[in-house]
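For this one, chain H is given, so just place chain B on it according to the hints.
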Amino acid sequence: MKKILLTLFPIVTILLMVQGYHQAIYVAPDDAMQGYVFRIIYYHVPSASVAFFFFAISLIGSIGYLAYRRSHPHRAQISDAWALAGAEVGVVFCTVVLTTGPLWGRRAWGIWWTWDARLTTTLVLWLIYVSYLLLRRFAAGPQMQTLAAVLGIFGALDVPIVYMSNRWWRTQHPAPVFGGDQDSGMKDPTMVHALLWNMLAWFCWGMLVLFLRYQVERRHQQYAALEAQEALEANV
Amino acid sequence: MDQRNILDHQFVVAAYTVTWVIQLGYLAFLGLKWRREKTIAERKSRQPR
Numbered sequence: 147m148k149k150i151l152l153t154l155f156p157i158v159t160i161l162l163m164v165q166g167y168h169q170a171i172y173v174a175p176d177d178a179m180q181g182y183v184f185r186i187i188y189y190h191v192p193s194a195s196v197a198f199f200f201f202a203i204s205l206i207g208s209i210g211y212l213a214y215r216r217s218h219p220h221r222a223q224i225s226d227a228w229a230l231a232g233a234e235v236g237v238v239f240c241t242v243v244l245t246t247g248p249l250w251g252r253r254a255w256g257i258w259w260t261w262d263a264r265l266t267t268t269l270v271l272w273l274i275y276v277s278y279l280l281l282r283r284f285a286a287g288p289q290m291q292t293l294a295a296v297l298g299i300f301g302a303l304d305v306p307i308v309y310m311s312n313r314w315w316r317t318q319h320p321a322p323v324f325g326g327d328q329d330s331g332m333k334d335p336t337m338v339h340a341l342l343w344n345m346l347a348w349f350c351w352g353m354l355v356l357f358l359r360y361q362v363e364r365r366h367q368q369y370a371a372l373e374a375q376e377a378l379e380a381n382v
Numbered sequence: 002m003d004q005r006n007i008l009d010h011q012f013v014v015a016a017y018t019v020t021w022v023i024q025l026g027y028l029a030f031l032g033l034k035w036r037r038e039k040t041i042a043e044r045k046s047r048q049p050r
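Protein chains in written order, with my numbering: chain H, 147 to 382; chain B, 2 to 50.
In isolation and in its complexed conformation, chain H is listed as follows:
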């Protein structure tokens, strides 16, 4: 059953990707104001939503690690692996947001970048999680996982700020597509469908990559534990 699922899920994801691309390029109409370049939204917005979701997974994993690190070491390691996988995949999606955004901005606003609230808070979010990954890569010792978990929790605090930034402040960045006021968002249903297809496709892709990253980390943890055990036995 597990094997069938592992084969079926990537196939479904690829099919969703093809459908999302088809909807974005061939079905959705041009935007009345921005024209063809508006189609960047079908990769930009889903990437941002999926990045937020993975940072939330990282937050839950970090809290789990701190909660279990003394009472249930095995559960703590599992939580830590999810925290790392969520942060790393979240950074990948956030990188997509920070590269497709300026490309869109250059055509829509005539500038690559501006220090407005949405863009700046997103960059800060990316920097926090990159520092989280650097901490995990270069720090050593038993405190590393605890420090990373604390940083992961603080980093996640920026997610609601990013989400609310173009609601709290009037910014250069367009109004929110979902959950904004009556004037904001997409009016054409084919545009909404294209966006939802791409959201589903990128979500499935992200889950696939997240699961793979989690497996790699769990494997790494097992060998690290084995090595530590062997080193201990050699000293005794």
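Derived from the structure by calculation, the hints contain no laboratory data.
There's no promise every hint is true.
Coverage of chain B stretches by chain H, computed from C-beta distances (three or more under 8 Å per stretch; other residues unrestricted) [as the list claims (entries may be wrong)]:
#1 4 to 18
#2 21 to 35
As a list, the in silico DSSO-like pairs of lysine-lysine whose alpha-carbon atoms are at most 30 Å apart [what the hints assert, rightly or not]:
#3 K34(B) <-> K333(H)
#4 K333(H) <-> K39(B)
#5 K45(B) <-> K34(B)
#6 K149(H) <-> K34(B)
#7 K39(B) <-> K149(H)
#8 K45(B) <-> K149(H)
#9 K34(B) <-> K148(H)
Some residues of chain H that are not near chain B, with every Cβ distance over 12 Å (derived) [to be verified]:
#10 P248
#11 R252
#12 L354
The C-beta atom is built at its ideal place from N, Cα and C for all residues, glycine as well.
Chain B alone, transformed into the frame defined by chain H:
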């Protein structure tokens, strides 16, 4: 196609290409990491304890 449409098209192609380069690049990085872990495991299983 006028000049504006050509430029719009080029920017959309650039955004989609960049997205796939980042995603597939990360997938390749994960694949390499997975292989390295597997190699370490095989080496360890061959070593006498």
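Against the structure, the hints:
1. Check on the stretch 4 to 18 of chain B: 10 of its residues sit with their Cβ under 8 Å from a Cβ of chain H, so the three-residue criterion for coverage holds.
2. Here the stretch 21 to 35 of chain B counts 7 residues with a CB under 8 Å from a CB of chain H, which clears the bar of 3, and the coverage holds.
3. Restraint check for K34(B) and K333(H): not satisfied, since their Cα atoms lie roughly 44 Å apart, outside the 30 Å limit.
4. For the given pair, K333(H) sits about 50 Å from K39(B) by alpha-carbon distance, which is inconsistent with the 30 Å threshold.
5. In summary, the hint linking K45(B) to K34(B) is supported, as the alpha carbons are separated by about 17 Å, within the 30 Å threshold.
6. Distance hint between K149(H) and K34(B) is fulfilled; the C-alpha atoms sit about 22 Å from each other, no more than 30 Å.
7. With a CA separation close to 19 Å, the supplied pair K39(B) and K149(H) stays within the 30 Å bound.
8. Pair hint K45(B) plus K149(H) holds up; C-alpha atoms about 27 Å apart against a cutoff of 30 Å.
9. Between K34(B) and K148(H), the direct Cα distance comes to roughly 23 Å. Compliance with the 30 Å bound is thereby established for this hinted pair.
10. Listed as a non-interface residue, P248(H) fails to keep its Cβ farther than 12 Å from every Cβ of chain B; the least gap is roughly 9 Å.
11. At the 12 Å boundary, the C-beta of R252(H) falls inside the reach of chain B, the nearest C-beta of that chain being 7 Å off.
12. With a least beta-carbon separation of about 9 Å from chain B, L354(H) fails to lie farther than 12 Å from that chain, contradicting its non-interface assignment.
The structure fails to meet hints 3, 4, 10, 11, 12 from the earlier list, while all remaining hints are met.
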